[in-house]
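Undergrad: Residue-level listing of the chains:
Number of protein chains: 2
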Amino acid sequence: MVKENEVAGRLEWRVNMPNGSSRILAPESRETCSRLQSLVMGIVLNIKAFLDKAWNLAVNEPKKVVHCLKVGLALSLVSVFYYMRPLYDGVGGNAMWAVMTVVVVFEYTVGSTLYKCVNRAIGTCLAGSLGIGVHWVASQAGDKFEPVILQVSVFLLAAAATFSRFIPTIKARFDYGAMIFILTFSLVSVSGYRVDKLVELAHERVSTIAIGASICIFITMILCPVWAGTELHHLISNNLEKLADSLAGYAAENFSVDGSKNVHEKDSSKKLQGYKCVLNSKAAEESMANFARWEPAHGKFNFRHPWKQYLKIGASMRSCAYCIETLHGSINSNTETPEFLKKPLNDVCMRLGTTSSKVLKEMSSMIKTMKKSTKLDILVDEMNSSVEGLQNALKIFPSYQHIPTPDPGTEEAPNGTEEPSLKSTALSLMEIVQMATLTSLLVEIASRIEGIVEEVKELASQAEFRDESSMKSKQTQTKINGNDGNEHEVTMKTLQKV
Amino acid sequence: MVKENEVAGRLEWRVNMPNGSSRILAPESRETCSRLQSLVMGIVLNIKAFLDKAWNLAVNEPKKVVHCLKVGLALSLVSVFYYMRPLYDGVGGNAMWAVMTVVVVFEYTVGSTLYKCVNRAIGTCLAGSLGIGVHWVASQAGDKFEPVILQVSVFLLAAAATFSRFIPTIKARFDYGAMIFILTFSLVSVSGYRVDKLVELAHERVSTIAIGASICIFITMILCPVWAGTELHHLISNNLEKLADSLAGYAAENFSVDGSKNVHEKDSSKKLQGYKCVLNSKAAEESMANFARWEPAHGKFNFRHPWKQYLKIGASMRSCAYCIETLHGSINSNTETPEFLKKPLNDVCMRLGTTSSKVLKEMSSMIKTMKKSTKLDILVDEMNSSVEGLQNALKIFPSYQHIPTPDPGTEEAPNGTEEPSLKSTALSLMEIVQMATLTSLLVEIASRIEGIVEEVKELASQAEFRDESSMKSKQTQTKINGNDGNEHEVTMKTLQKV
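Protein sequences, first through last, are from chains A and B. Per the UniProt record's numbering, the first sequence starts with residue 1, numbered consecutively. Per the UniProt record's numbering, the second sequence starts with residue 1, numbered consecutively.
Worth flagging that the hints you see were computed from the coordinates, not collected in a lab. Values in this document were obtained by computation on a predicted structure and should not be read as measured data. Just to be clear, a hint being listed does not mean it is correct.
You can't tell identical chains apart in this list, so a pair holds if it fits in one copy or across any two.
What the hints assert, rightly or not - Dumping the calculated DSS-like pairs for lysine-lysine here, alpha-carbon to alpha-carbon at most 25 Å: (1) Lys372 x Lys361; (2) Lys63 x Lys144; (3) Lys308 x Lys276; (4) Lys371 x Lys361; (5) Lys282 x Lys270; (6) Lys48 x Lys171; (7) Lys53 x Lys63; (8) Lys53 x Lys372; (9) Lys358 x Lys144; (10) Lys171 x Lys63; (11) Lys53 x Lys312; (12) Lys171 x Lys53; (13) Lys308 x Lys457; (14) Lys308 x Lys53; (15) Lys395 x Lys171; (16) Lys270 x Lys371; (17) Lys282 x Lys171; (18) Lys171 x Lys276; (19) Lys375 x Lys270; (20) Lys308 x Lys282.
Could you put the whole structure together from the sequences, leaning on the hints where they help?
TA: Listed below in structure tokens is the structure:
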């Protein structure tokens, strides 16, 4: 044991020996000892912090834990092929490919798993057949040219496939497929040079990959499936709610006349920052929309659910969030407007903030329930009338003469006393700037919310949201599809050009 | 050949037969014919558009083409192992693993290639040794329990490793490694059940992976290397320039008094939109900074170059871009302010816009050249004095009485004629709102630019940018490192706690 004693103003370190005596530690061994201790302490603390973080993650998102168990289950299932003699004899050493397929293909959402499965299947088949074709051509060319042809084909196709991965449309849909194409083509065309019975080998590999992929698809779709589409749907609806909370919280904090703003300080500041999630959700939205396209019909979503429309809603939400961010910034960085200036506009601003927030909330619940809302138009009208109210208030805004100045009684502002009257004018104008920015940002936010409303309405019509009077829900399904008519028209035009 | 004749106001379709006669086409065959034609046309047009896009990409970013050729070269090199009898005998059928390694590990930037190589190496070794260990334990447990132990271990470790991929710190650095860990562990522990000579097999696989990885690292670092760090550096510096152009363009478009704003209309509108790149570059910045950490010293960058600081600059740039976006939006959506109101503030706004843009430009060139700039402080001072100038101008802003109204001569505004005077007041106040928003957004942008300046200065000190009087460049290298001192202090404190 190490003990610290202060002897005559000087630190001294003692180690208690097993026999009861104690020994003074030399400075270097003290240092080593303490370093070791601090190192161990640091590691322990780090591990603890890490485990805490992991535990919180697990508690907050149990779906992710379930996903982990699903991966474990899929791997256990696929490894059965090794343990069961009859199964092993069926697929041979290639069972490895099934394991590999499960590991690389099993993703968090159904959509991304399907995306990878389909890509892997297409890439493998395409590259496999092409590889066998090239191998056949090469084998006809004689022993000398065979490796040259194979090498050149690998070089060219790998380069071309790699390049295709840079093209945005390919990257979005077939990035993984292109990689698998390169992999399979190289393996087949190169190993074909050594391995006989190439077709048989390819057949075995394809069948093991199919086994792996089908296990993945089965498990991911049956056991607590996480649909990318549903996640996107919830993300958009939650983000709308966060924007609404942000705006309502902001209005309450800045325009409320009662002292309610200090209640639940911490909770409200968290809500106020909600718009930041919207600012940063672009990448998540895009990848989810990408994967959602691969998913079959599930829950309330059809196969051709307009996922792209969610991206448009996301974009207009972000444009609104930029404005809210500026609003927060422009208020935080400046001094507060004095009460006597604030009062005339506070009520109208509060009303605009509240009605805007209500529109956002209504859209959020409209998306959440997938029902058309009759209230939405009313709320939008309310918001617009608040905007008008604000503009009217600005029009009858008390002019600067009525503002109390250090020397009152200069109501009629005679031209002779320019110096003091100018000063009081200046003060009020500077503060009008502050208040004016606030109001015009609020108006701008309202106009951007109208942009969101349009996109949400477009979604409602494309996705055939039910009317709130849910009796009519069946009528929408028998709606005549207008696309056929359009196609016909185009064909006729092409005909007439011949 | 199909011909169209108009006979008595009715369309008729004729096919010329090989024997010279012609036959009237029945409607259905016409339709089939035209459909086929439009289908082929559509496909051809699509392919042409796709090829055009690809060609443009290749012309605009030749680096990407070079990358494709590098991938082709790496695959050709690694396939040599198959064609050379002595090499093939050395690594056996496992040469496949070398090919696979090249395909999955070879990435666009050096950093991401290194990240994947290191992750693959760590993951493979860790999982391989663990797998062999588990296999040994299982083999001691007897034939009955062996598969059970293996299954359970695969299940548990796969689930745990999958979960670790959800933890942000692990995801950022070891996501790929965790996947390889699962893959290798499953393969080793499962296939170990069948394959004898497990250690030998593992050795062969590791050596082939090492061959593949070293070929990748060699090619990616020697032939036209694309460093993630350098890309990040250029991205940040370019984005600063884009912001500057956006702001300068905006100022020129809205505040310039001469007619210069219509020159190069298209070019300037592209520049005006530059801030949008900044809004959307977060994901790119983060992944580049992530990969840059894995890169060795290269060009002007040391091994411990402060890549994280670039992210901070990016964040403050984005916060500035939000404001610029709002500025653009608030102008586009409202009516223009009449000239008589604009004139008094135009000059100061123009000056503020120009000086702010100059500060951004200076920072961009400072980062580009990696030299400390003596001009920067002067430019910031200029910007701040423009802000003051703007605020002063607001203070002496002509009050609404001097604004020409439909009925002039109401300078003294007698209280009796309230109705018309209120109207003229209202007009001017509404337009003050517009102008006020503009000015206060400009001021806000300037204050956010100061935030960027601070982050850039921090980068300059952390990355030890050279002084512009480049004589002193050698002094910075011998600067005493303060970290040791800090560490010592911490140790002493820990010591005293014991």
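Undergrad: Hint by hint, note whether the structure agrees.
TA: Cross-check of the supplied hints:
1. In this assembly of identical chains, Lys372 and Lys361 lie within 25 Å of each other by CA distance solely inside one copy; the values are 14 Å within and 50 Å between copies.
2. Proximity of Lys63 and Lys144 under a CA criterion of 25 Å is satisfied in neither setting, with 57 Å inside one chain copy and 34 Å between copies.
3. In this homomeric assembly, Lys308 and Lys276 come within 25 Å of each other (Cα to Cα) both inside a single copy, at 22 Å, and across copies, at 20 Å.
4. Only within a single protomer do Lys371 and Lys361 lie at most 25 Å apart by alpha-carbon distance; the minimum there is 14 Å, versus 51 Å between protomers.
5. For a Cα distance limit of 25 Å, the shortest separation of Lys282 from Lys270 qualifies both inside one copy, at 21 Å, and across copies, at 23 Å.
6. In this assembly of identical chains, the alpha carbons of Lys48 and Lys171 lie at most 25 Å apart only when taken from different copies (18 Å versus 40 Å within one copy).
7. With identical chains, the CA atoms of Lys53 and Lys63 are at most 25 Å apart within one copy only, with a shortest distance of 16 Å there and 41 Å across copies.
8. In this assembly of identical chains, the alpha carbons of Lys53 and Lys372 never lie at most 25 Å apart, being 41 Å within a copy and 40 Å across copies at closest.
9. Proximity of Lys358 and Lys144 under a CA criterion of 25 Å is satisfied in neither setting, with 77 Å inside one chain copy and 65 Å between copies.
10. Proximity of Lys171 and Lys63 under a CA criterion of 25 Å is satisfied inter-copy only: 17 Å between copies versus 28 Å inside one chain copy.
11. Taking the closest pair of Cα atoms, Lys53 and Lys312 come within 25 Å of each other only across two copies (24 Å); inside a single copy the shortest separation is 34 Å, beyond that limit.
12. Taking CA atoms no more than 25 Å apart as the test, Lys171 paired with Lys53 passes between copies only; the shortest distance there is 13 Å, against 34 Å inside one copy.
13. With identical chains, the CA atoms of Lys308 and Lys457 are at most 25 Å apart within one copy only, with a shortest distance of 14 Å there and 42 Å across copies.
14. Taking CA atoms no more than 25 Å apart as the test, Lys308 paired with Lys53 passes between copies only; the shortest distance there is 22 Å, against 35 Å inside one copy.
15. When the C-alpha separation of Lys395 and Lys171 is checked against a cutoff of 25 Å, the pair qualifies neither within a copy, at 54 Å, nor between copies, at 55 Å.
16. For the homomeric pair Lys270 and Lys371, neither the shortest alpha-carbon distance inside one copy (29 Å) nor that between copies (41 Å) is at most 25 Å.
17. In this assembly of identical chains, the alpha carbons of Lys282 and Lys171 lie at most 25 Å apart whether taken from the same copy (17 Å) or from different copies (19 Å).
18. For the homomeric pair Lys171 and Lys276, the shortest alpha-carbon distance between copies (22 Å) is at most 25 Å, but the shortest distance inside one copy (28 Å) is not.
19. Taking the shortest Cα distances, Lys375 and Lys270 never come within 25 Å of each other, neither inside one copy (28 Å) nor across copies (41 Å).
20. Both within a single protomer and between protomers do Lys308 and Lys282 lie at most 25 Å apart by alpha-carbon distance, with minima of 13 Å and 22 Å respectively.
In this structure, the earlier hints numbered 2, 8, 9, 15, 16 and 19 are contradicted, and the remaining ones agree with it.
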